[in-house]
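Residue numbers (the working numbering), protein chains in the order written: chain C, 1 to 394; chain S, 395 to 669.
Careful, some of the hints might be misleading.
Stated by the list, open to error - Straight-line alpha carbon distances no greater than 25 angstroms define the calculated DSS-like cross-link-like pairs of lysine-lysine that follow: (1) S:449 <-> C:111; (2) C:48 <-> C:215; (3) S:654 <-> C:112; (4) C:206 <-> C:90; (5) C:112 <-> S:449; (6) S:654 <-> C:385; (7) S:596 <-> C:90; (8) C:48 <-> C:90.
Hints were generated in silico from the structure; no laboratory data involved.
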Amino acid sequence: MDVVYLDNNATTRVAPEVVEAMLPYLSEYYGNPSSMHSFGGDVGEKIKAARRQVADLIGATPNEIVFTSCGTESDGTAIRAAIESNPDRKQIITSRVEHPAIKNLYETLSKKGYRVTFVPVDNQGRLDLDYLYKSLGDDTAIVSLMWANNETGVIFPVEEISQEVKDRGIIFHTDAVQAAGKIPIDVNATGIDMLSLSGHKFHAPKGIGVLYIRKGTKFAPYMIGGHQEEGRRGGTENVASIVALGKAAEMARQHLENNGYARVGELRDKLEASLLERISHSMVNGDTQHRLPNTTSIAFEYVEGEAILLMMNEHGICASSGSACTSGSLEPSHVLRAMGVPFTAAHGSIRFSLSRYTTEKEIDFVIEKMPPIIARLRELSPFWKQKTELKAQS
Amino acid sequence: MWEYTDKVKDHFLNPRNVGVIEDADGVGEVGSLACGDALTFYFSLDENGKIADAKFQTFGCASAIASSSALTEMVKGLTLEEAKKITNEDIAEYLGGLPKEKMHCSVMGRDALEKAIACHLGEAEQEVEGEIVCECFGVTDVEIDRVVRENHLSTIEDVTDFVKAGGGCGNCHDRIQEIIDGIRGTVHPKRKKSPALTNLQKIKLIEESIEREINPTLKKDAGRLELVDVDGNRVLVRMGGTCASCVKSPITLKHYVESKLRELVAPEIVVEEVQ
Chain C
1 MDVVYLDNNA TTRVAPEVVE AMLPYLSEYY GNPSSMHSFG GDVGEKIKAA
51 RRQVADLIGA TPNEIVFTSC GTESDGTAIR AAIESNPDRK QIITSRVEHP
101 AIKNLYETLS KKGYRVTFVP VDNQGRLDLD YLYKSLGDDT AIVSLMWANN
151 ETGVIFPVEE ISQEVKDRGI IFHTDAVQAA GKIPIDVNAT GIDMLSLSGH
201 KFHAPKGIGV LYIRKGTKFA PYMIGGHQEE GRRGGTENVA SIVALGKAAE
251 MARQHLENNG YARVGELRDK LEASLLERIS HSMVNGDTQH RLPNTTSIAF
301 EYVEGEAILL MMNEHGICAS SGSACTSGSL EPSHVLRAMG VPFTAAHGSI
351 RFSLSRYTTE KEIDFVIEKM PPIIARLREL SPFWKQKTEL KAQS
Chain S
395 MWEYTDKVKD HFLNPRNVGV IEDADGVGEV GSLACGDALT FYFSLDENGK
445 IADAKFQTFG CASAIASSSA LTEMVKGLTL EEAKKITNED IAEYLGGLPK
495 EKMHCSVMGR DALEKAIACH LGEAEQEVEG EIVCECFGVT DVEIDRVVRE
545 NHLSTIEDVT DFVKAGGGCG NCHDRIQEII DGIRGTVHPK RKKSPALTNL
595 QKIKLIEESI EREINPTLKK DAGRLELVDV DGNRVLVRMG GTCASCVKSP
645 ITLKHYVESK LRELVAPEIV VEEVQ
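Please put together the full structure from these sequences, using the hints given.
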């Protein structure tokens, strides 16, 4: 059975060109980039090139790029650096829809005496900017907001917000893990001080991330060790993955410059429109005007997400759900709850996320398979019967 | 991904006895849309008082659907007396086991069966029995008590896995622990609460702790800690001796000084270094 992979916000396939670029650094070129001999030094040069490739993707200069192990490490390092370098400031401002990578860190910090302000979103997942700006104060150590939401794809106006925050002398960090490589980013045109990204979300392997640190930003390392990354992150470099990330960043930049995401957006729109048309009582979660081109979160009322996913799995279709049962928790995702998505819909929400490798044939296959899956589960559901009976009476 | 047995997968993908019995002898409804799963269970009796047919409708995940399907198969041919004896464990066992986090699906099946039998016997639908403990999922102390006894549960997480109680906001965790302790006969000593200190007492205690406990230890590495100020629970200190130039000093501070002061003075203490 062929796999139809529409779960690219979870992770992506490693591009074949990326694999090719990294392989020599897992075999013949095994030198340590810090060594004095040119066998190691040549590897150092390759890392330098990768640093430039990543910098070019987000409009930074190479020495503002720090390689880390993942998005979570980048996020945690940024938050901790900001509070360590501002010891007299005890407030952290963020949103209610952040990724667990960062959300759980706030729980730990609030137990340690930090005040974490969670800015609400409206029913479209749009940030309450008024609330945000009113929360800024002399005690604010950092504002950290995701650029794009992993579940709905909704984009926050971080360019505008970062300027406002910077004007008040407060550090601004953005978790751009879902945005990087999917929408154009130019940090120089913004007030962003720190930015996290993760390689495996844009066709590099898992286990490599980046923290961008604007020149002049006060910083304290999380991994204290050797001189690597100019003392900002100790530890021998993950050479092969850094080379891979460089190549993936270059390919993502070219794809963006060639407007490649227009095609991804068209496929997403086709999938979304067709499913909404063919399946009654279904709706899109989130602001469709400001959204990643590859993501759609669709709620199918009166059915449960895990059951939908397992039936899709029978056809080789991979996606994700915001439902409770998928994660082992008992409540639907915090993102959908923060948006006030009704329970009838939240439990049956499915996220489809495409990539540049997604084909129209695959989209057509999903459009064909989804309606009978939802119909079958609705047949099983006692609420669906009630719903249709009520309708018949009225 | 959940590790479902082949039997769970089979009953999910090919559920038995889906539907409604129009002139059912008993109907039991449990769960709700808000909770994420719900089941309506129907049965009809033959002339000998045995269950002739059973049907179900379920909204929920794969294990909820499989548990409902299993239940309808299990009860066919049983007298009501026999059916009453089916426990949630029997349902899970019939399916070759359920993941721990999904045991509440089997409890839902058992509850629906009981309700349907009570409905047939004309037992007035009891209003909520007991007192609501978990507000998020509407679970009472009576239900928690029963599931703890029947399944030999010993932790709050167990209770959440079996009846969902405690799986939302978490405000009821203390009450659930009390119920478990009451049954298990164990008494958890409540954390000794130290009497609130006045500011003056607190500062004095911090000073004493640094001089008597912390500095003697740091001295071994030729380091020294100086108290600069105390602001509420924030303790501002300056590192002296070799500590000042040591790259490990933020680590020393966090891991040693703070935990020591939290232990000796107050658990809310936060230590910060000033230059």
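These are the hints, each one checked on the structure:
no.	hint	result
1	S:449 <-> C:111	50 angstroms, violated
2	C:48 <-> C:215	17 angstroms, holds
3	S:654 <-> C:112	15 angstroms, holds
4	C:206 <-> C:90	34 angstroms, violated
5	C:112 <-> S:449	53 angstroms, violated
6	S:654 <-> C:385	62 angstroms, violated
7	S:596 <-> C:90	21 angstroms, holds
8	C:48 <-> C:90	37 angstroms, violated
Hint compliance for this structure: hints 1, 4, 5, 6 and 8 are broken, all remaining hints hold.
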